[in-house]
Amino acid sequence: RKEVEQDPGPFNVPEGATVAFNCTYSNSASQSFFWYRQDCRKEPKLLMSVYSSGNEDGRFTAQLNRASQYISLLIRDSKLSDSATYLCVVNSGSARQLTFGSGTQLTVLP
Amino acid sequence: GAVVSQHPSWVICKSGTSVKIECRSLDFQATTMFWYRQFPKQSLMLMATSNEGSKATYEQGVEKDKFLINHASLTLSTLTVTSAHPEDSSFYICSANGLAGDTSYNEQFFGPGTRLTVL
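Protein sequence lines correspond, in order, to chains A and B.
For the first sequence, the working numbering begins at 1 and goes up steadily by one.
For the second sequence, the working numbering begins at 111 and goes up steadily by one.
Hints are computed from structural coordinates only; laboratory data are not their basis.
The model shown is predicted, which means the values in this text are computed figures rather than measured ones.
Check before you lean on any hint, since a few could be wrong.
In silico SDA-like cross-links for lysine to any residue, where the CA-CA straight-line distance does not exceed 20 Å [to be verified]:
(1) B:K151 / A:S83
(2) B:K151 / A:N65
(3) B:K124 / B:F177
Kindly generate the complete structure, drawing on both the sequences and the hints.
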């Protein structure tokens with residue numbers, strides 16, 4: 001079983017749609033959780049950290065359920081510029097190492 | 111935020127040659143640097159973790175004699191792919207965290223990546 005699993009997609013949605021991505025992790029000792037965004041042929045960029053209480057940043061909402069070892073990302077009012085691959089990332093505390101999911105590809109259509 | 115640069119951004123080489131990739135932290139001291147590899151349509155896979163002044167810790171399955179990592183200063187780490195072969199063609203990305211004055215960066219800042227193609 002992969003340490004971090006994501007729905008691979010691809011997700012093709014119209015502009016203005018709401019889309020949700022899910023992620024599960026296997027290491028119950030994991031301490032920090034993130035969503036990164038990666039554009040084609042570019043490096044990943046931090047989108048947001050994920051906290052147990054849930055957190056929101058504009059159109060983006062992230063949720064963490066430690067009991068289920070489940071992380072989600074909700075994007076409201078999708079924009080064309082949201083098209084990218086979204087990576088679920090977990091830090092298991094060892095030497096600040098990050099474990100990346102394989103990513104979910106999103107394409108927002110005009 | 112902190113900035114990490116990589117050089118070169120892309121390289122094409124013949125099979126059997128060695129390629130050196132540089133990763134620099136521009137405005138902070140990178141106490142820890144990480145090297146990743148990403149094959150097409152796959153996720154980033156951690157290759158090794160290096161702390162300044164000490165030997166790198168390699169992930170299982172990564173050959174330390176093939177992928178030489180040097181982290182001799184707080185602003186520079188290098189990855190040398192020795193005797194590169196076509197199967198080493200990939201996107202190599204470094205990241206770093208560390209210190210800028212009194213600020214400790216736990217977040218990893220990523221370099222823009224180096225695309226290696228071995229013919």
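Here is how each hint holds up against the structure:
no., hint, verdict
1, B:K151 / A:S83, "15 Å, holds"
2, B:K151 / A:N65, "28 Å, violated"
3, B:K124 / B:F177, "17 Å, holds"
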